[in-house]
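J.: What follows is the residue order along each chain.
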Amino acid sequence: MKKMESSSTLGPGGLDISRAFFKPILNSAPPSPTKRHTKISVIGAGNVGMAIAQTILTQDLVDELALVDAKPEKLRGEMLDLQHAAAFLPRTKIHASVDYSITAGSDLCIVTAGARQIPGESRLNLIQRNLALFKLIIPPLAKYSPDCILLIVSNPVDVLTYVAWKLSGFPPNRVIGSGTNLDSSRFRFLLADHLDVNAQDVQAYMVGEHGDSSVALWSSISVGGVPVLSFLERQKIAYEKETLENIRKEVVESAYEVINLKGYTSWAIGYSAANLARSLLRDQRKIHPVSVLATGLYGIDGGDVFLSLPAQLGRSGVMGVANVELTDWEAQQLRNAASTILEVQRQLEIEDH
Amino acid sequence: MKKIESSSTLGPGGLDISRAFFKPILNSAPPSPTKRHTKISVIGAGNVGMAIAQTILTQDLVDELALVDAKPEKLRGEMLDLQHAAAFLPRTKIHASVDYSITAGSDLCIVTAGARQIPGESRLNLIQRNLALFKLIIPPLARYSPDCILLIVSNPVDVLTYVAWKLSGFPPNRVIGSGTNLDSSRFRFLLADHLDVNAQDVQAYMVGEHGDSSVALWSSISVGGVPVLSFLERQKIAYEKETLENIRKEVVESAYEVINLKGYTSWAIGYSAANLARSLLRDQRKIHPVSVLATGLYGIDGGDVFLSLPAQLGRSGVMGVANVELTDWEAQQLRNAATTILEVQSQLEIEDH
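Chains V and X are the protein sequences, given in the same order. If you read the first sequence in UniProt numbering, its first letter stands for residue 1, the second for the next number, and so on. If you read the second sequence in UniProt numbering, its first letter stands for residue 1, the second for the next number, and so on.
Since the hints were derived computationally from the structure, they do not count as laboratory data. Fair warning: there could be bad hints in the mix.
[What the hints assert, rightly or not] List of simulated lysine-lysine pairs, BS3-like, C-alpha gap at most 30 Å:
#, chain 1, residue 1, chain 2, residue 2
1, V, 286, X, 93
2, X, 249, V, 93
3, X, 71, V, 249
4, X, 286, V, 93
5, V, 71, X, 74
6, V, 23, X, 241
7, V, 166, V, 135
8, X, 93, V, 249
9, X, 71, V, 74
10, X, 74, V, 74
[Claimed, not checked] A short, non-exhaustive set of chain X residues, derived as facing chain V with CB atoms under 7 Å:
#, residue
11, 24
12, 81
13, 91
14, 189
15, 195
16, 199
17, 256
18, 258
19, 265
20, 271
21, 275
Using N, Cα and C, we set each Cβ at its ideal position, and we do this for glycine too.
Just need the whole structure built from these sequences, with the hints factored in.
T.: What follows is the structure, given as structure tokens:
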């Protein structure tokens, strides 16, 4: 695919205006090696991938952005559309190719490639379609950027993050799934909208499987530092478990609602992924509910499985999982999700790296 | 269309957690009236409108964002997708309706609604389709926000900005077309990429009609303060007028190239419009090549016509047009464009406001 190079109407043979436009300083040295050149590669130039790429660009997170997709024309069009905004953005190297060599030296690779979730289709039904795709995507990414962090967005994200971990051979702290980071944002939006507070003052994690059986950690939700459930008890406000469950279901449903209304989701996942990228690349050491290797935690055993838990993210990837206290019921829900996922994973043929 | 209100699972009948979550300060007064509540309405929730809306949100330009479209389901889906990012954005009121009353009190209304340019279709061919649409859009916008600035993005932008001016009854400084702001960015990208400089150091305006017959003001292009053409002359580098023209054509072609490759353009126009919104609402007094009432300038007469010229933008809209010196040839190109547009306009039936 044609790389974006200087137009043939400029330069030798055309209008050569580069000659001696600047005078160098006498005895200049080349630039000092810098560790700060940040590169992100986004795999998949669809609605999700492009929303992520554009948000990362707008937030000035990187020096270099590489896009990869299987469709060269769509890919080139998207690359040009971003490059044309040069006058409105800080100078960022933006390039694209169907060839994975363009991802070489990435600090973070974000994988969005995969079949879109059809309205009514549960996330687990997508997996067969996406496993074959990951066998083409993950090994070259790992080869070209052996030190990178892999952030998996494609659904079903928990299983596919496990697949990516296996196919890459990376240590588990460098393979993360976007998980319930967005579900938690939707949850916080719902609560914040009701309480008329800023969503960032609502501490609320949804954990476990991203999707239908996500777990709302009601026991640890707080607003402005006030734990919600104990607040209700002190105020002697009765609540039923069923009501809490309906709120959780509404969060899960809201994703399907967007898909039914506009055909897909893009903007929210774009912000979610850019938010994770910032915590990772800028070593923010913030806690995010993301899909991590959960084996050995909360009694989860029986095999290796990725589930969302509140995890501290920094430049090394997952620094650790927060020691949130779960109720017996919440921990059991996690173990149930793990069992379900392990059953699915057993039926997959993944060659270990 | 259902407004996004507190979920029925929260609040009375559900989980009522809003009661007494905060204690007010004794004898508090209501908020002081503030002039700083900024509201932008975006008309058209397609690829262009949503790219503009999302960029404006990411850049934290507004307190309130309203979206309007004719398709209620698509519109609601897009609104929800933005709202779900609440945890990652500053608190912004985001709402949407097919009813224009939602735009009331806007500081800036950005109109993107209209038929998408089909590959191969010239912009002027779009106009009949869009004139009928504007008769439904512009009068209610003007009625609900009589003091707002109108920014027209729909193509063909120069004719439609004239139409919007007529239909709104607004003074001409408050009706602006996005014009050649993006063409100029593409031009600056091309030059900057060749010269290996930052695009923001390339001062280069394309003016006149946004599209095939835009005019590159070669006589006033400078890089880092060095005027390009006189630089070439001093360096005794020969150039031909045809080479300059080929570069201009490449800029024009690059828009069609993106449309052919990905089906439409979105990201670059999103950044372009957000850039204009910032200059207007933050009273930046920056010069942008945008479509303004050009009658009486550079010998343009024969009727009222909007064309892109370097215009200073601030909170009042167009503060003035920069007194750029054009060559006789460049001025003639502008007058030719004006004549062509006036011919088209004379065939349109627009009721004066």
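J.: Work down the list of hints and note, for each, if the structure agrees.
T.: Hints versus structure:
Distance hint between residue 286(V) and residue 93(X) is fulfilled; the C-alpha atoms sit about 26 Å from each other, no more than 30 Å. A C-alpha spacing of about 24 Å is found between residue 249(X) and residue 93(V), which places the hinted pair at or below 30 Å, so the restraint holds. Only pairs whose Cα atoms come within 30 Å are accepted, and residue 71(X) paired with residue 249(V) is accepted, the gap being roughly 27 Å. Of the supplied pair hints, the one linking residue 286(X) and residue 93(V) holds, its CA atoms being roughly 26 Å apart against a limit of 30 Å.
A C-alpha spacing of about 26 Å is found between residue 71(V) and residue 74(X), which places the hinted pair at or below 30 Å, so the restraint holds. The straight-line distance between the Cα atoms of residue 23(V) and residue 241(X) is roughly 27 Å, inside the 30 Å bound, and the hint therefore holds. Of the supplied pair hints, the one linking residue 166(V) and residue 135(V) holds, its CA atoms being roughly 10 Å apart against a limit of 30 Å. About 24 Å separates the Cα atoms of residue 93(X) and residue 249(V), which keeps this hinted pair within 30 Å; it holds.
A C-alpha spacing of about 26 Å is found between residue 71(X) and residue 74(V), which places the hinted pair at or below 30 Å, so the restraint holds. Proximity of residue 74(X) to residue 74(V) is assessed by CA-CA distance (about 23 Å); at most 30 Å being required, the pair is judged to hold. Nearest Cβ of chain V to the Cβ of residue 24(X): about 13 Å, over the 7 Å cut. The hint is violated. For residue 81(X), the shortest C-beta to C-beta distance to chain V is roughly 4 Å, which falls under 7 Å, so the interface hint holds.
The interface hint given for residue 91(X) holds, since its Cβ lies 5 Å from the closest Cβ of chain V, which is under the 7 Å cut-off. Using the Cβ-Cβ criterion of 7 Å, the hint placing residue 189(X) at the interface with chain V is satisfied: the shortest such distance is roughly 4 Å. At its closest, the beta carbon of residue 195(X) sits 5 Å from a beta carbon of chain V; the interface hint therefore holds under the 7 Å criterion. Because the smallest distance between the Cβ of residue 199(X) and any Cβ of chain V comes to about 4 Å, under 7 Å, the interface hint for this residue holds.
Given the 7 Å rule on beta carbons, the hint for residue 256(X) is violated: about 11 Å separates it from the nearest Cβ of chain V. With a cut of 7 Å, the hint placing residue 258(X) at the interface with chain V holds, because the nearest CB-to-CB distance is about 5 Å. The interface hint given for residue 265(X) is met, as the beta carbon of that residue sits about 5 Å from the closest beta carbon of chain V, less than 7 Å. A cut of 7 Å between beta carbons decides the hint on residue 271(X): the least distance to chain V is about 4 Å, and the hint holds.
With its C-beta approaching chain V no nearer than about 5 Å, residue 275(X) sits inside the 7 Å limit, and its interface hint holds.
Violated hints for the displayed structure, listed by number in ascending order: 11, 17.
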